[in-house]
Amino acid sequence: MGNELVVRKSSLPTAQMMCRAAQYVRMSTDRQQYSIQNQAAVIGAYALAHRLAIVRTYRDEGESGLRIRNRAGLTQLIDDVTTGRADFAWILVYDVTRWGRFQDSDESAHYEFACKKAGIKVVYCAEQFENDGSMLSNIVKNLKRVMAAEYSRELSVKVYAGACRFSRSGFLVGGKVGYALQRELFDKNLQSKGVLESGARKYLVTDHVRLRPGEAIEVGIVKWIFQRFLTLKSEQAIARELNRHRVPAYDGGRWRGSLISTILKNEKYIGVLVYNRRSKKLGGQAVDNPPEAWIRTEGCIEPIIARDVFFKVNQIIEERRLNLSEEEMLARLRKVFLKEGRISQTIISETKGLPCPHTYTKHFGTLKNVYKLVGYTSPYKSDFLDARPKWLGVLANLVSRVASKLEASGAVVSMPAERRLLVNGTENVGFRIARWSSGRIGGHRQYWVIQRRRLPTGWIVAIRLGENNSSILDYLLLPTSVTDRYTLRFSEIGLARGKLRIRCFSSADNLFRALSRRLASSNRSSSTKPQPQQKQSKSNRSKTKADGVQR
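Here the numbering used here is used: the first residue of the sequence shown is 926, the next is one more, and so on.
Hints in this document: simulated from the structure, not taken from any laboratory. Please note that the accuracy of each hint is not assured.
As the list claims (entries may be wrong) - Here are the simulated DSSO-like cross-link-like pairs (lysine-lysine), alpha carbons at most 30 Å apart as the crow flies:
| id | residue 1 | residue 2 |
| --- | --- | --- |
| 1 | Lys1237 | Lys1148 |
| 2 | Lys1101 | Lys1113 |
| 3 | Lys1190 | Lys1315 |
| 4 | Lys1190 | Lys1069 |
| 5 | Lys1264 | Lys1158 |
| 6 | Lys1206 | Lys1101 |
| 7 | Lys1237 | Lys1158 |
| 8 | Lys1190 | Lys1287 |
| 9 | Lys1287 | Lys1205 |
| 10 | Lys1206 | Lys1069 |
| 11 | Lys1101 | Lys1277 |
| 12 | Lys1330 | Lys1113 |
| 13 | Lys1260 | Lys1287 |
Using the sequences and the hints, build the whole thing.
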């Protein structure tokens, strides 16, 4: 979406230029292809009728209206208004629901009040009431806000009930599939339609997904892990053994003790599908549900592991569980720090006698707090460590949006690993965060870091963060060939010189268009490659060498 949303200044008389307005548009999902265009059409008609010139467009594509977090468009709008950078006197919105479906109607009113306080009027173009501050207007507007919130609440209840019903029927509702498992698609008559590849989605509402054992090699590895644990009783030792034999983990990377632990506790391997362990409703915090709220469906998956073996393994895990006080948790970690000289998530995971990193964060909030309590200062910037979960969520949303747009353009897209797309079976696109750092590199006071570990040859799409990693600066597109190192560091000056072949884009839409062009160009060049020639005679071979043609 670009300039087609903006009423061009050249089409308006000079007298109307003084009436400057901004428009805010939002759609909830990427599948609402024409939602923003429809909103812009109504807003544009209102602007023309009231002699307003739209000079700014703030947009949120594929974002829920339940909260302002992750809504970069509305966040930027409020920031421009409250800091005095806004160069307009009107904000045009399609209706109350596009402003947001906040569960607390006061939050919606708060953001509108911030605009009014700055002298900027908010108008809901498609509503039947005039937002003029009158008693009737305020009553209707607040009623609309409550109705918008109630719609989301009722929809959430219906979606949750439907998900529980499908789970009880043995269908996969969502979440990670698991190592050595595959998704099989069934139609409304429960006839198999084949296996869904990683990253592929079902498109018919009447279709459903069930789990089945995956590749024979991976199934064999899962069986070996369970049998090996009965002997070694150590997840870390099993992970080291698999890495020593160069067996790739489910994401193509290295095995860790935490991955082994996840497999050993996964009831899917004995044919049991468990749903509702954790839930997150209406944009709130994810909560762990009590076991009595879990939905367990047995016999819906072909078992890989015998039940007696599974329960024997989990009995061993339960018997060695550490019931430590918080003081003892810190004391043990402090001893490890004195011995190793540093602490990391990997060290915590692989040290026998220590709880896992998740347990530490559950008790102390963040690993930053844990490090501080034991007297350790991490060399990494703590602002990024604290914000990392948030930005990974934003990155996951970008992956989904890019995948949807590529599929809409006719490409075949799969997701062979987390935060990586495979386009048309040939082109890899990895997604990363370019984190900001205030350290020095080449004499410059700030630089950015991209981790390219586990990325095959192809393209890297990165979200570059601003100062203190608190906001999105822009979007980057670069080939993986810019470096063969796991970590890429660059400054603003290094970026401007162009040697790294990194392209910057102000919006995700511009980034997508550039990525599409490069993928299309790669496909054309691969399809026009000359066919390998037939075997040459000796005379021809010698002539080729003499001509200096590279083979």
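Pair hint outcome, Lys1237 versus Lys1158 [Cα-Cα no greater than 30 Å]: Holds: Lys1237 and Lys1158 sit about 11 Å apart, inside 30 Å.
Proposed proximity, Lys1277 with Lys1101 (alpha carbon, max 30 Å): Distance ~28 Å between Lys1101 and Lys1277 Cα, so the pair holds.
Satisfaction of hint between Lys1101 and Lys1206, Cα-Cα up to 30 Å: holds (19 Å)
Lys1101 paired with Lys1113 [C-alpha distance capped at 30 Å]: holds (23 Å)
Holds or violated: Lys1260 to Lys1287, with C-alpha atoms at most 30 Å apart: holds (21 Å)
Given hint Lys1113 paired with Lys1330 - CA-CA distance at most 30 Å: Judged against 30 Å, a Cα distance of about 27 Å means the pair holds.
Proposed proximity, Lys1069 with Lys1190 (alpha carbon, max 30 Å): Status violated; Cα separation ~47 Å.
Restraint status (C-alpha distance of Lys1287 to Lys1205 at most 30 Å): holds (17 Å)
Holds or violated: Lys1190 to Lys1287, with C-alpha atoms at most 30 Å apart: Distance of about 19 Å is within 30 Å: holds.
Holds or violated: Lys1190 to Lys1315, with C-alpha atoms at most 30 Å apart: With Cα atoms ~27 Å apart, Lys1190 and Lys1315 stay inside 30 Å; holds.
Pair hint Lys1237 and Lys1148, alpha-carbon separation not exceeding 30 Å: holds (14 Å)
Lys1206 paired with Lys1069 [C-alpha distance capped at 30 Å]: Distance ~21 Å between Lys1206 and Lys1069 Cα, so the pair holds.
In this structure, the one hint that does not hold is number 4.
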